[in-house]
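Colleague: Using the sequences and the accompanying hints, generate a full structural model.
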Amino acid sequence: MITREIKDLEQTVHIEVLDNGLTVYLVPFKNRKNYYIEYVTKFGASIGKFKPCDTDKFQKISYGVAHFLEHKMFEQESGEDPFEFFSKYGSDANASTGYKSTSYVVEGTNNIEENLDYMLTYVNSPYFTDENVEKEKNIIIEEINMYNDEPEGKLYRESSMAIFKNHPMRIDIGGTEKSVRNITKEELYSCYNTFYQPSNMFLIIGGNFSIDSVMKVIKNNKALNSNKIKEEITVKSVKEPNEVNVKFKEISIEGMVIPKFILTIKKSIKGLEKKDRYELSVLVSLLYNILFGSASTFREQALKQGMMSFLSPSKVIVDDFLLIEFLAESRSPKELSEKLIECFKNKEITEEEIERHKKCYISNLVLTSDRVVSTVSSLVDNIIDYDDIVYNKIDIVRSINLDKMNRLREFIDIDNSSLVIANCKE
Amino acid sequence: MVDMKYKKIEYGSYNLHMIKTDRFKTINVEIILRRDVKKEEITSTNFLAAILSYTTKKYPTENALARKMQDLYSVKIFPTCYRIGNFYNVDFNMFLLNEKYSEKKMFEESLELLSDIIFDPNVKDDKFDKDSFDVVKNEEKSQIERIKEDSRKYSLIKMLQNLDNNKAFSYTEFGYMEDLLKITPSNIYEFYKKFINDSVIDIFIVGDIDFDETERLIKDKFKFRVYKNDKKSPILENFEYRKKPQIIFEEDNTNQAKLSIGCVIDRMTKFEREYVLNIYNLILGGTADSKFFKNIREKFSICYYVSSVGNKLDNLFLITSGITKNNFDIMVSLINKEMKDMENGDFSALDIDKAKKYYLSLLEEAQDRPSQIISSYYAMDLWGIDSMEKRKEEILKVTKEDIVKLAKKVHVDTIFLLGGDKK
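Just so you know, the protein sequences line up as chains A and B, in that order. Its first residue numbered 1, the first sequence is counted upward by one per residue in the working numbering. Its first residue numbered 1001, the second sequence is counted upward by one per residue in the working numbering.
Don't read these hints as lab results, they were simulated from the structure. Small disclaimer: the values here were computed from a predicted structure and weren't measured. The beta carbon of each residue, even a glycine, is placed where N, CA and C say it ideally should be. Incorrect hints may have been included.
Stated by the list, open to error - Within a straight-line C-alpha distance of at most 25 Å, the following computed DMTMM-like cross-link-like pairs (lysine to aspartate or glutamate) qualify:
#1 1058/B with 352/A
#2 1356/B with 395/A
#3 222/A with 212/A
#4 358/A with 348/A
#5 1141/B with 1108/B
#6 88/A with 1103/B
#7 1422/B with 212/A
#8 347/A with 1071/B
#9 275/A with 254/A
#10 1141/B with 1179/B
#11 315/A with 273/A
#12 1325/B with 134/A
#13 304/A with 1071/B
#14 1221/B with 1365/B
#15 1058/B with 1108/B
#16 1294/B with 143/A
#17 1137/B with 1036/B
#18 1068/B with 355/A
#19 249/A with 150/A
#20 1137/B with 152/A
#21 1025/B with 355/A
#22 7/A with 1208/B
#23 1100/B with 348/A
#24 1104/B with 81/A
#25 1153/B with 81/A
#26 30/A with 1210/B
#27 1221/B with 1116/B
#28 1100/B with 1210/B
#29 30/A with 1365/B
#30 137/A with 212/A
Unchecked claim - Which residues of chain A face chain B? A few of them, derived with a C-beta cut under 10 Å, are:
#31 110
#32 157
#33 309
Modeller: So this is what it looks like as C-alpha cells:
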C-alpha cells in the first residue's frame, strides 16, 4: 500500500492495487461520523462499440445498457434485496449512471465492514433472467417518461443532438423507450463480463473507518476475488467530427414558461494527455467565471436590462472532446446569446481578475475537502477524467497566469458551437 | 456531543447560539429572522431577502458586492426563505474558511459584510435603489412563473390547495404574482423597517471559534434593538379530515401523470410527532427499502418512484408518485393496501428495528453538517424537541403498538392527479 498527500488540503490517500487489478483508494477523515463508499466501473453511456471478452467481433451497445445494468445489479439470485440489507444497519445505498462511468454507493455511520462486504458481493454477482430483465423495462420507461416531461430535459436532448453527429452522447443516458424495450439479458451479461472486471473498476472509501479492517474485508471478499482479470478491453470510439452537428436550432417546448437556450462550444482535445487536462479544466472554469460570474460586467448588464434570469456555465470532458456549455433563461434569447458570444470573444481579462478568481477557486477546493461525500466524488471525477488523483491541485491553480489564459482563449473557438433556443409553446 | 460545546446567550432583542467544534474547516453563521406566516407577506419577505443580499449602500452594485465577497476568500452569503409550521423564516446564511486557511481578520470582515447586508440596505430617500429593485423583481417574477415547469412540485402544491386553501400548508414559498406586482421601492422599504423590528432573531455560529471573541464581535456588529418575547408554537392546530377522500384530476399534456396524496394526521401526541411518525414513514414509504418501494415499484413495476414524507408541524402525511394515467386506480388501491397493512400491524419487528437504525444513522450524520447542527439546536429551542442524546434513547422506545395507533390516525383526505394526457 502506498500513501500520498493531497498537497495543501491536509488529506492523505492510501492506495493499493489488488492482484486482480482493482485499485482501492482510502481517504480517512478525522472527526467525522459517516463514511461514504463509491464503487465505480469506467463504463458509462458514452461507449458505442466494444469487443466482448469471449469474441473477436465488435459489438454495438444499445442505448441505455449501462443504465439498465445499474438497475439490474440490485437483483440477487437469493432474492435478497440489497436495499433491504443496507437498511438493516440504517445505511443508505444508491447507484447512478453517467456517460463516463457507473457508480454504486453506500453511506452510513456504522457496520462498514458488513456493508462493504455486501456491496462487493452484490456488484460482483450478476443475476439476469429473461423475466427479471423484462420486468425492469417498465420501471425504466417510467423513469425515461419522467425526464421526457421536464421542459429543460427536452432542451438538453435537442442540444445533445445538435452537438454530436454520431457519438452516443446524442442520446440520453437511459436510452429511448424503443432501445430499452430491445435490451436482452445476453447483452447485459456481455457488457457486464467485459466492463465489470476488477481492472476496469476502482473503489474509494472516505470518512470514518479503519484502514486495516476495510482492507481485510476487501481482500477476503469471495465474489470480488473470484472475479479475475480477463483481458484488455477493446473499445471502438465512434467517428465523431470536430465540428458541431447543427449550429443553430429554434424549437418550442410544451410546458416551458420562460424561454431558455443552451449554447455549447465543442473543442477536440485529441492529443492532449490526460494529466494535462486538469489545468485545462481549471482554466476554463476561471474563464467563464471571470466573464459571466457574479462579479462580471456581463451579468450585471444583462440583469439590469432584464435580459436574463439566469446563466449557468459548465464544462465537461468526454472522450477527446471538451464541451463548454451555457444554459440561460432569457426573454430575449437570441439577443442574449449574441452578446454572450461577443463577450466571450472580445472582453479583456486582467491579471487582477485572474488572481481574485484563483483565490476563490482555491477556497472552493478547501471547502470540497471538508466534506466526505464531495471529496470522494471529486476524486472519482479525477480518476475518470485524468486517470489519477490530482495531488497538486492548488499548485496547478496557483500557476495560472494571464499568459496561459490568453493562450486558452486562442485555443477555443466559440464559432464552433451549437445554439438551441427553446421557446414556449402557445 | 463530546467534541462540541454549546453556549446560548439571551440578549432580549436576539439570542446568540455558539457551537464550538474543530470538526470543520469552515465557520458557519446563520441569522434566522422569524415572523408569523401570513400569505400576503410571503412575496414581500422573499423580495426583501433577495434585495438585501443583492446590493448594499457600501456595495451598491452586484459587481461591487461580489468582488468584496471574493476578496474575503469567496465567503458565501445567501438568504433562504421557508415556512416552518406557523412561522415564515428568513435565514441569512454565511460560510467562510477558517482563518487558518485564509488570513487574519477574515471572520471579522465577513461579519461586517453580513451586518451591512442586513442593516445598511441600498436605500435613498426611503426607497430601495431602483436598479436593484428591477433586477430582483425580474428574478422573483421568473421564479414564480417557473413553478409550472416542475410538475412534481406543482402537483403537490395544487393538492395542498385543494386539501384546505386556508391553511398555512397551502401557501407556496415561491410567492404570488399579484402580490409581486404591488411591491414598490418605497413600500418594500416600509416593510423592511417592520420586518427588522418585529422578527424574532436567533444567531447561530458553528466552527472553531472563541466564545468571548465571537460574542464581542457579534455584539459589535449586530445591533438589533427591539425586545421581543415570543413563545408561540410552530405546530399547526389539529383540523378535521374528509370522511370520504376527494379525488381531483387536472389535465396536462405530459407522458407521466404526477400523483399527490395528502393525508391528515388526527391529533398526534408529542411522542408520536417526534418519534413514531418517523418510524411509520420509514417503514411505509420513506426509503428504498420501504413497503411502497418494495411492494409497489419492485413487484408491480408501475412506477419509478413512490415515496412519502411526514410533515409533523402541519399534521400531514404526503405521498407522491409518477405513473401512467391508466394505472391510477391500481396505484391508489396499492397505496391504500400498504396503509391498511400498517394499521393492521402487518410489518415485522425487523422493519421497526431497521427504521430505528436508519433514524439513528441520520442523527449521527447530521453532526457532520454545520447547517444540520444548527437546525437541530434551533428546533430544540423553538419547539422544545429533545436533545440529540435524548432523541437517541427515545426513538428506541417506539413499539409496534405505537406505530399501529398512529397508523389509525392517518387519514387519506385528498388525491390529486396532474397530467399524463399525452396521446
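Colleague: Look at each hint and say if it fits the structure.
Modeller: Verification of the hints:
1. 1058/B with 352/A: Holds, at about 22 Å.
2. 1356/B with 395/A: Distance of about 46 Å is beyond 25 Å: violated.
3. 222/A with 212/A: holds (18 Å)
4. 358/A with 348/A: Cα-Cα ~17 Å, so holds.
5. 1141/B with 1108/B: The hint is violated at about 35 Å.
6. 88/A with 1103/B: Given pair residue 88/A, residue 1103/B is violated - Cα atoms ~46 Å apart, limit 25 Å.
7. 1422/B with 212/A: Violated. Residue 1422/B to residue 212/A sits at ~56 Å, over the 25 Å cutoff.
8. 347/A with 1071/B: holds (22 Å)
9. 275/A with 254/A: Violated - the C-alpha atoms of residue 254/A and residue 275/A are around 43 Å apart, more than 25 Å.
10. 1141/B with 1179/B: holds (11 Å)
11. 315/A with 273/A: Distance ~18 Å between residue 315/A and residue 273/A Cα, so the pair holds.
12. 1325/B with 134/A: holds (21 Å)
13. 304/A with 1071/B: The given pair, whose Cα atoms are some 24 Å apart, holds under the 25 Å limit.
14. 1221/B with 1365/B: violated (33 Å)
15. 1058/B with 1108/B: holds (17 Å)
16. 1294/B with 143/A: holds (17 Å)
17. 1137/B with 1036/B: At roughly 24 Å apart (the allowed maximum being 25 Å), residue 1036/B and residue 1137/B satisfy the hint.
18. 1068/B with 355/A: holds (14 Å)
19. 249/A with 150/A: Judged against 25 Å, a Cα distance of about 19 Å means the pair holds.
20. 1137/B with 152/A: holds (23 Å)
21. 1025/B with 355/A: Since the Cα atoms of residue 1025/B and residue 355/A sit roughly 22 Å apart, the hinted pair holds (cutoff 25 Å).
22. 7/A with 1208/B: With Cα atoms ~22 Å apart, residue 7/A and residue 1208/B stay inside 25 Å; holds.
23. 1100/B with 348/A: Violated, at roughly 34 Å.
24. 1104/B with 81/A: violated (53 Å)
25. 1153/B with 81/A: violated (30 Å)
26. 30/A with 1210/B: holds (21 Å)
27. 1221/B with 1116/B: Between residue 1221/B and residue 1116/B the Cα gap is close to 9 Å, so the pair holds against 25 Å.
28. 1100/B with 1210/B: Holds, at roughly 14 Å.
29. 30/A with 1365/B: With a Cα-Cα distance of about 14 Å, the restraint between residue 30/A and residue 1365/B holds, given a limit of 25 Å.
30. 137/A with 212/A: At roughly 41 Å apart (the allowed maximum being 25 Å), residue 212/A and residue 137/A break the hint.
31. 110: holds (7 Å)
32. 157: Nearest chain B Cβ about 14 Å off; hint violated.
33. 309: Holds. Min distance 4 Å.
The structure fails hints 2, 5, 6, 7, 9, 14, 23, 24, 25, 30, 32 (numbered hints given earlier, in ascending order).
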